[in-house]
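These are the residues of each chain, in order.
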Amino acid sequence: MNKTVNPNELTSDDDYGPLYAARKKVYPQSVHGTFRRIKWGLMAFCLGVYYFLPFVRWNRGLGAPSQAVLIDLPNSRFYFFFIELWPQEVYYFTGLLIVAAVALFLMNSVGGRIWCGYLCPQTVWTDLFYAVERLVEGDRRERMKKDKSSDPMKLERISEIVLKHSIWLLIAWWTGGAWVLYFNDAPTPVKELVTFQAPMIAYIWIAILTATTYVLAGFMREQVCTYMCPWPRIQAALTDEWALNVTYRYDRGEKRTSVKKAAELRALGEHVGDCVDCYQCVAVCPTGIDIRNGPQLECIQCGLCIDACDNVMTKIGRPKRLIGYDNDINIQRRQEGKAPVYRIVRPRTIVYSAIIAAVGGIMIYTLATRSLLDVNVLHDRNPVAVRLSDGSIRNAYTVRLLNKSGYDRVVAIDADGPANLTTHVVGIDSVTPDRPMIVIPRDSTSELRLLITAPAESNPEKSIPVRFHVTDIGLGEVATTTDNFVAP
Amino acid sequence: MTDHHGDIDSVTGKSTTGHEWDGIKELNTPLPRWWVISFYLTIIWSIGYWIVYPAWPLISSNTTGLLGYSTRASLAVELANLETLRGEKMAALAAAPLADIEKNPALLALARAKGRTVFGDNCAPCHGSGGAGAKGFPNLNDDDWLWGGTLEQIMQTIQFGARSGHAKTHEGQMLAFGKDGVLKPDEIVTVANYVRSLSGLSTRKGFDAAKGEKIFAENCVACHGDGGKGNPEMGAPNLTDKIWLYGSDEATLIETISQGRAGVMPAWEGRLDPATLKAMAVYVHSLGGGK
Ligand code: SF4
Ligand code: SF4
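So the sequences go chain by chain: A and B. The first sequence finishes on residue 488 if you use the numbering used here, and the numbering steps up by one all the way, no holes. The second sequence finishes on residue 1291 if you use the numbering used here, and the numbering steps up by one all the way, no holes.
A few of these clues could be false.
Lysine-lysine pairs mimicking DSBU-like chemistry, simulated, CA-CA at most 35 Å apart [stated by the list, open to error]:
| hint | chain 1 | residue 1 | chain 2 | residue 2 |
| --- | --- | --- | --- | --- |
| 1 | A | 24 | A | 146 |
| 2 | A | 404 | B | 1168 |
| 3 | B | 1089 | A | 191 |
| 4 | A | 145 | A | 24 |
Simulated from the structure, these hints should not be mistaken for lab results.
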């Protein structure tokens, strides 16, 4: 069934065409302007945070890690500046993921794919790799010429290629290296890595991240956005007519004519568009599309075509922003001679902001009021209850105490239930009767075996609730939990 | 492909396999090529597997395979690794005096964890997985101990057992007063009721307490002590408390007195290493009944 077809002859609904077309290499040209400056700034910020954050120190006192942001897997702790999270508190990450997702929706309803154009790691690293390429091999025209020339490879060209890939690999390697530092006290692995004494797993992670960075940013580039990333599809479903997108204002641009023709025609009093068909917007586009064809899936909304066209407009003395952030409604309105309207406060932006505020608020509240002392109690199941020689009944519990604070605590354990219960913790001779006291070292859990005995004559019913209080003797902080006392 | 009987289905134009059920014919739809290829590849793979790994049972052994792989060997290696991993902690446990282990939370946690697993493997068949015991097998969670409930006494019982045949084992047993003809049946009934009265249980109508006390003093006090408080030296239980190893009803007591009792606890020394024995003693003691 697969007959050979010339791809150029295919229409979009031709059923028998090949499913794949070869990639057309994109040679984005360098550009200067507002959006390029914003992109440089954000790139420096994002990469700066990623590469250097592990080296930021944070004093948590003796014995605790002094790294500001640390994922401590062996000890199951996550440190983020003054916050220290335990494995029981993964719900904070759930909250963070919700906020991140809704923030992405909010961004999208305000400014389309600004995430893609400015903040997405794929964009940031690809942009960086392009900058390196431009630095080593020259701008668009030179690169195209060099790639096309069929000369036998000159030494100069080979050294250029080697240099480019070396710098790329260096960046990629540093990217992988920085990742590893988040899981360890940063200066230590740096030392170990340099002296080849780091654990195997570190080298494996560095290798993986080096490879992915090098391949994704150096070779796959815009193909990741176009073919691999789900966000363009989801984004298309989430967007509405008010979202600002990079738009070619065809109401103003058409009909396209050359500069000279335009001047002639204008002199004759005819209507001509501002677009001079110079293809600058296409030359700078990192995804290799022509924005003048309208909104397209491939467009990552990086705004570079805006800068390119603005530069052209300035040169020919026409107003800027023939390409700019705009929405379809305004093109319509301008054609009808009405003033454009922009609306950022809309039901959906309000709802998104409210969700972010609510989830964020809950997280901040729970973080601020979270208890640094916790108690869990587990009733022994085998046997559930024991009758002692004097006829009294005893239940045993496994008590787990969590001290999440940075200091050792002395706590007292009380069990409230029916009258005349006696409490005993195995291994502890209580000073105060029935009030076992114990030291829980900082940042740790202690497991105790707690025995509660009810006298025979109290004749407890089948099951009575018992409340356990754990009181910090020094600070008065109390943690409470409930379980049952069961009779045989 | 093969079209059996040249039978062509008129609707689809495909050949059929020739199979027919209730007038419904099966179309001959061959498997996709990739599927068939994967199928053959798995067969080739399995042949390689037979050669490389142990696979074929022989009469008294099996083919060992080119790799010489053995799950037993790799288990042994893993267990050895685990031992080295735990070596330091277990050494600390072995070195610590028995009395101090419960006072040190880290050692106590280790001893309890170790003790629980060893208990499950070795003691649970008689004493139950949680040490709750059964008729004739003491409950280790309560505070009643035949051979004493201090750490040292528990340790000693675990090490040497009771009536285990070990040189240092606990000896002493309940005599068979009826079978051996020491007491007459009516005397046995009387003393059984007397024993029930010691722990506040009801007695048979017309039971002669004075006679019971006299029989008890002549025959039982030697082991169970004055007033029947028991004697851990001989494993003689306390007859005044609420805990009964074999049961407290009259019939059971008559059986006990007539036939005697001599439960056996095996000696564990030599079967388990000293640190493990220690962990087990601490575990049993920490169940709650330890004195
Ligand atoms: S069309 Fe413009 S905004 Fe879109 S990707 Fe290309 S340069 Fe960036
Ligand atoms: S850069 Fe501006 S003027 Fe040049 S082709 Fe693009 S839209 Fe037209």
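Outcome of the hint check:
no., hint, in the structure
1, A:24 <-> A:146, "holds (16 Å)"
2, A:404 <-> B:1168, "violated (50 Å)"
3, B:1089 <-> A:191, "holds (30 Å)"
4, A:145 <-> A:24, "holds (15 Å)"
In summary, the structure is inconsistent with hint 2 from the numbered list given earlier, while agreeing with all the others.
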